[in-house]
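Quick mapping for you: the protein sequence lines, in order, are chains F and S. Quick note: the first sequence uses the working numbering, first residue 1, plus one each step. Quick note: the second sequence uses the working numbering, first residue 177, plus one each step.
Some clues are possibly wrong.
Claimed, not checked - Subject to a maximum C-alpha distance of 25 angstroms in a straight line, what follows is the list of computed PhoX-like cross-link-like pairs (lysine-lysine):
| hint | chain 1 | residue 1 | chain 2 | residue 2 |
| --- | --- | --- | --- | --- |
| 1 | F | Lys39 | S | Lys179 |
| 2 | F | Lys39 | S | Lys180 |
| 3 | S | Lys200 | S | Lys240 |
| 4 | F | Lys124 | F | Lys135 |
| 5 | S | Lys236 | F | Lys39 |
| 6 | S | Lys240 | F | Lys65 |
| 7 | F | Lys65 | F | Lys39 |
| 8 | F | Lys165 | F | Lys85 |
| 9 | S | Lys240 | F | Lys39 |
| 10 | F | Lys125 | F | Lys85 |
| 11 | F | Lys65 | F | Lys162 |
| 12 | F | Lys135 | F | Lys125 |
| 13 | F | Lys112 | F | Lys124 |
| 14 | F | Lys162 | F | Lys39 |
| 15 | S | Lys180 | S | Lys240 |
| 16 | S | Lys179 | F | Lys65 |
| 17 | F | Lys85 | F | Lys124 |
| 18 | F | Lys165 | F | Lys65 |
| 19 | S | Lys179 | F | Lys112 |
| 20 | F | Lys85 | F | Lys39 |
| 21 | F | Lys112 | F | Lys65 |
As the list claims (entries may be wrong) - If you want the footprint, here are the derived chain S segments under chain F, 3+ residues with CB under 8 angstroms:
| hint | stretch |
| --- | --- |
| 22 | 188-199 |
| 23 | 206-220 |
| 24 | 223-230 |
Calculated directly from the structure, the hints in this document are not laboratory data. We put the beta carbon where it would ideally sit given N, CA and C, even for glycine.
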Amino acid sequence: MTEDRKKNNQSANDQDMMKLVDNLNRKEDVNLNRRAFLKASFGTTVALGLATTPFGVISAVRSEKEDSNQVEIASVDELAIGEAKNFNYPTEDEPAVLVRTPDDRYVAYNNKCTHLQCPVFYEKKDNVLLCPCHKGYFDVNNGHPVAGPPQRELPKILLEVKDGKVLAVGREYRHG
Amino acid sequence: MDKKRVSFLSIFVFLAINVISLSKVIEGFYGKEYGHVYSFMIVALISTGLATIAFFTWRKQEYKS
Ligand code: FES
Numbered sequence: 001m002t003e004d005r006k007k008n009n010q011s012a013n014d015q016d017m018m019k020l021v022d023n024l025n026r027k028e029d030v031n032l033n034r035r036a037f038l039k040a041s042f043g044t045t046v047a048l049g050l051a052t053t054p055f056g057v058i059s060a061v062r063s064e065k066e067d068s069n070q071v072e073i074a075s076v077d078e079l080a081i082g083e084a085k086n087f088n089y090p091t092e093d094e095p096a097v098l099v100r101t102p103d104d105r106y107v108a109y110n111n112k113c114t115h116l117q118c119p120v121f122y123e124k125k126d127n128v129l130l131c132p133c134h135k136g137y138f139d140v141n142n143g144h145p146v147a148g149p150p151q152r153e154l155p156k157i158l159l160e161v162k163d164g165k166v167l168a169v170g171r172e173y174r175h176g
Numbered sequence: 177m178d179k180k181r182v183s184f185l186s187i188f189v190f191l192a193i194n195v196i197s198l199s200k201v202i203e204g205f206y207g208k209e210y211g212h213v214y215s216f217m218i219v220a221l222i223s224t225g226l227a228t229i230a231f232f233t234w235r236k237q238e239y240k241s
């Protein structure tokens, strides 16, 4: 009895499946899906391409602002060789340090440590920039990390010496 | 390969180019390397333009009959 029922069920199932197959126009279906897929891909391509423009526009606005920003940070005879001075550049809440190096050049960097943002100091004795938080050392000449946890260089402030004054004229995030 | 097939496949190439460019643009933006932002933005816009041409070429062929 149960056997019989099973058989019946089975054949009914097969009938249903056949009907489904009848319904299916395979060629057209595949075609339609392929078209829709390409259209979606094209839409994504355009969306991603256009998504780059706001970044470009904001970058342009920002770098324009930074370019026109000249600030006097010290007079030439204010620092003796091997001395350093703190200042803020390009805005009031971005601290930086100006160093007159032993070979009598001026260099300046934003002095927020690139590890965890502690302030970095100039160490005259060893002629390095030192971050006391985790003993991070930076080269005075180029701002690149030489020891300790920091991995990235300090942002470099571009300087100009004019009429006995040291001016900050710009900033480079990635440099040599 | 015929025109239709080429334009069909090229759209995926442009899609890949745009994915990569967008990620480079964002990387440059947050790394404050504005030079990278501009160059990859231009790459992305050019590839978007080419993708548009490819798409309309494909569409013309696809719905011709
Ligand atoms: S914050 Fe400067 S070394 Fe960790």
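Structure-based check of each hint:
no. : hint                : in the structure
1   : F:Lys39 / S:Lys179  : holds (17 angstroms)
2   : F:Lys39 / S:Lys180  : holds (14 angstroms)
3   : S:Lys200 / S:Lys240 : violated (39 angstroms)
4   : F:Lys124 / F:Lys135 : holds (16 angstroms)
5   : S:Lys236 / F:Lys39  : holds (13 angstroms)
6   : S:Lys240 / F:Lys65  : violated (53 angstroms)
7   : F:Lys65 / F:Lys39   : violated (41 angstroms)
8   : F:Lys165 / F:Lys85  : holds (14 angstroms)
9   : S:Lys240 / F:Lys39  : holds (17 angstroms)
10  : F:Lys125 / F:Lys85  : holds (16 angstroms)
11  : F:Lys65 / F:Lys162  : holds (22 angstroms)
12  : F:Lys135 / F:Lys125 : holds (15 angstroms)
13  : F:Lys112 / F:Lys124 : holds (19 angstroms)
14  : F:Lys162 / F:Lys39  : violated (60 angstroms)
15  : S:Lys180 / S:Lys240 : holds (11 angstroms)
16  : S:Lys179 / F:Lys65  : violated (48 angstroms)
17  : F:Lys85 / F:Lys124  : holds (12 angstroms)
18  : F:Lys165 / F:Lys65  : holds (22 angstroms)
19  : S:Lys179 / F:Lys112 : violated (57 angstroms)
20  : F:Lys85 / F:Lys39   : violated (60 angstroms)
21  : F:Lys112 / F:Lys65  : holds (21 angstroms)
22  : 188-199             : holds (count 7)
23  : 206-220             : holds (count 9)
24  : 223-230             : holds (count 4)
The earlier numbered hints that this structure contradicts are 3, 6, 7, 14, 16, 19 and 20.
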